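As you go down the protein sequences, you meet chains P and X in turn.
FYI, this note's numbering numbers position 135 of the first sequence as 135, with every residue one higher than the one before it.
FYI, this note's numbering numbers position 267 of the second sequence as 267, with every residue one higher than the one before it.
It is possible that part of the hints are untrue.
What the hints assert, rightly or not - Computed Cβ-Cβ distance ranges for the label pairs, DEER-style:
id, chain 1, residue 1, chain 2, residue 2, range
1, P, 71, X, 274, 53 to 63 Å
2, X, 163, P, 71, 49 to 59 Å
3, P, 131, X, 277, 49 to 59 Å
4, P, 36, X, 6, 28 to 38 Å
5, P, 32, X, 55, 32 to 42 Å
6, P, 135, X, 310, 49 to 59 Å
7, X, 122, P, 47, 13 to 23 Å
8, P, 135, X, 198, 46 to 56 Å
Unchecked claim - Below, simulated SDA-like cross-link-like pairs (lysine to any residue); rule was C-alpha separation at most 25 Å, straight line:
id, chain 1, residue 1, chain 2, residue 2
9, P, 67, X, 36
10, P, 6, X, 51
11, X, 229, X, 325
12, P, 67, X, 37
13, P, 63, X, 39
14, P, 104, P, 71
15, X, 130, P, 41
16, X, 130, P, 114
17, P, 6, X, 122
18, X, 181, X, 169
19, X, 333, X, 225
20, X, 181, P, 34
21, P, 47, X, 176
22, P, 47, X, 122
23, X, 51, P, 114
24, X, 130, P, 35
25, X, 274, X, 176
26, P, 47, P, 93
27, X, 313, P, 97
28, P, 63, X, 185
29, X, 130, P, 63
Unchecked claim - Which residues of chain P face chain X? A partial, calculated answer using Cβ under 8 Å:
id, residue
30, 19
31, 95
32, 138
Read the hints as simulated data drawn from the structure, not as lab findings.
Owing to the predicted nature of the structure, the values given are computational and were not obtained by experimental measurement.
Every residue, glycine too, gets a C-beta built ideally from N, C-alpha and C.
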Amino acid sequence: MTYLQKSPWIVHYNASSCNGCDIEILAALTPVFDVERFGIVNTGNPKHADILLCTGSVNERNKVPLKNVYDMIPEPKVVVAIGICAASGGIFRECYNVQGGIDKIIPVDVWVPGCAARPESIIDGVVTALGILEQKRAKMLEKGSAGSIKAGEAV
Amino acid sequence: MSKQIIVPFGPQHPVLPEPIHLDLVLEDETVVDVIPSIGYIHRGFEKLVEKREFTEYVYVAERTCGICSFVHGATYCEGIEQIMKIDVPERAQYLRVIWSEFSRLHSHLLWLGCFADSFGFENLFMGAWKTRERVLDFMEETTGGRVIQGTSKIGGVRRDISSERLDKMVKDLDILDQEMKELTTVFLHDDSVRHRLRNVGVISREDAYHLGAVGPTARGSGVAIDMRKLGYGAYDRLNVPVITDSCGDCLSRCTVRAKELFTSTDLIRQAVSKIPDGPVEVKVTGAPDGEYFTRAEQPRGELVHYLKGNGSKFLVRSRIRTPTLTNIPPLIKMLQGCELADVPVIVLSIDPCISCTER
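With these hints in hand, go ahead and build the complete structure from the sequences.
Quick look at the structure:
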């Protein structure tokens, strides 16, 4: 287990969600579900984050902020799409201002189902994301793109 | 005059989980003007009434906002019922009141938590959300959903609550009351909290009224408006006290919401003591022909649903006016002249729900 897996930091962006999934993400951070016991910390700054939790579908206006938040997260990074809106647009799919799931703008690694997604499934999604994060990190080290950092070495 | 600079606030900001963009025009540390821009969550689902049958649209209306979803669903249903002149069974009306008040409890507790977070009191945030889980547990037991319930339908409600369950619920409310009392004591009597909130983001009674403030934002400035007084649903048979506070600052708005928590539990107790037996839904035939404005008190203030049908299964027009939209002009008034460090607290003090606002 590496430092990344011990304490992954998450950043949350609400693309055009109804708030249902967003408050469930916050609920997952609070005492009853308490993901902080796993070392998961919610940060407001994408530059400190490892995992992007994104809710809601993509529209013309939030395309750019979503891409910006994604670009600001340092490699390796994982994107978790939360709720059915983030997957396909869900109930709002046929609305004139909804262009579809967030995979139209950024690559998605984990899909969490539900409307609204339950905190348990959000936690499950983040834990799945940790495995993917570790794989991505290992791949980066193989390529040598992480500079002089060796596998398993604390930074 | 010192040089003006513009500081962008949002759309991605740590204090607010939702995207709204404010351009804060600053002179030194003082905010002199605020230019809001919205549209990040606009989905345009009012147009969806043309593609969804009016009975199915309840689910879309509920997803206007995940926090006050039940109130949106129930208000839409009431509009259709008024157009079609459906007599909703008494029991269903009382059940709607019970669920609406639980929505208010969950929304206010959520807000108290986020508000505590905005002035840096993390422990209180966690405490408020812990108490909120009790409310959500009740929601889940009786409706099957935590935040999106889906129990409202045209002509009544989808599920009944047994009388044993209602009795147990009233007992559980005492525990909830006790926890909320401990929680609100900190908000209302803690010195550091009072010092942080007193005289921050002041708006006078006249300004609040003329700029169209609704809900706790208006009541915090002493404007006693509460749509529950209109007596929609079963509210005309219950005693609804309107809580107001006179200072118009962040602490007043916090006080109003903290006291409303106990109003809500009291209304649930009243509703349980008066709820009659009987069916919870009636069969609906035909299609709506006509138009109607429904007004309801959402946790954030007055909610208006305008619906127009032409006798077919598909409505012609739906328009939703949500409380946050009307609370944005008062917010801008509050922000003018405040310190930059107070901006997150003031923005949160109106309980912004951007998903509602932009639909």
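Evaluated hints:
| no. | hint | verdict |
| --- | --- | --- |
| 1 | P:71 / X:274: 53 to 63 Å | holds (57 Å) |
| 2 | X:163 / P:71: 49 to 59 Å | holds (57 Å) |
| 3 | P:131 / X:277: 49 to 59 Å | holds (54 Å) |
| 4 | P:36 / X:6: 28 to 38 Å | holds (36 Å) |
| 5 | P:32 / X:55: 32 to 42 Å | holds (35 Å) |
| 6 | P:135 / X:310: 49 to 59 Å | holds (56 Å) |
| 7 | X:122 / P:47: 13 to 23 Å | holds (21 Å) |
| 8 | P:135 / X:198: 46 to 56 Å | holds (52 Å) |
| 9 | P:67 / X:36 | holds (22 Å) |
| 10 | P:6 / X:51 | violated (48 Å) |
| 11 | X:229 / X:325 | holds (22 Å) |
| 12 | P:67 / X:37 | holds (19 Å) |
| 13 | P:63 / X:39 | holds (12 Å) |
| 14 | P:104 / P:71 | holds (15 Å) |
| 15 | X:130 / P:41 | holds (18 Å) |
| 16 | X:130 / P:114 | holds (23 Å) |
| 17 | P:6 / X:122 | holds (23 Å) |
| 18 | X:181 / X:169 | holds (18 Å) |
| 19 | X:333 / X:225 | holds (20 Å) |
| 20 | X:181 / P:34 | holds (23 Å) |
| 21 | P:47 / X:176 | violated (40 Å) |
| 22 | P:47 / X:122 | holds (22 Å) |
| 23 | X:51 / P:114 | holds (23 Å) |
| 24 | X:130 / P:35 | holds (14 Å) |
| 25 | X:274 / X:176 | holds (21 Å) |
| 26 | P:47 / P:93 | violated (31 Å) |
| 27 | X:313 / P:97 | holds (24 Å) |
| 28 | P:63 / X:185 | violated (43 Å) |
| 29 | X:130 / P:63 | violated (34 Å) |
| 30 | 19 | holds (4 Å) |
| 31 | 95 | holds (5 Å) |
| 32 | 138 | violated (30 Å) |
The structure fails to meet hints 10, 21, 26, 28, 29, 32 from the earlier list, while all remaining hints are met.
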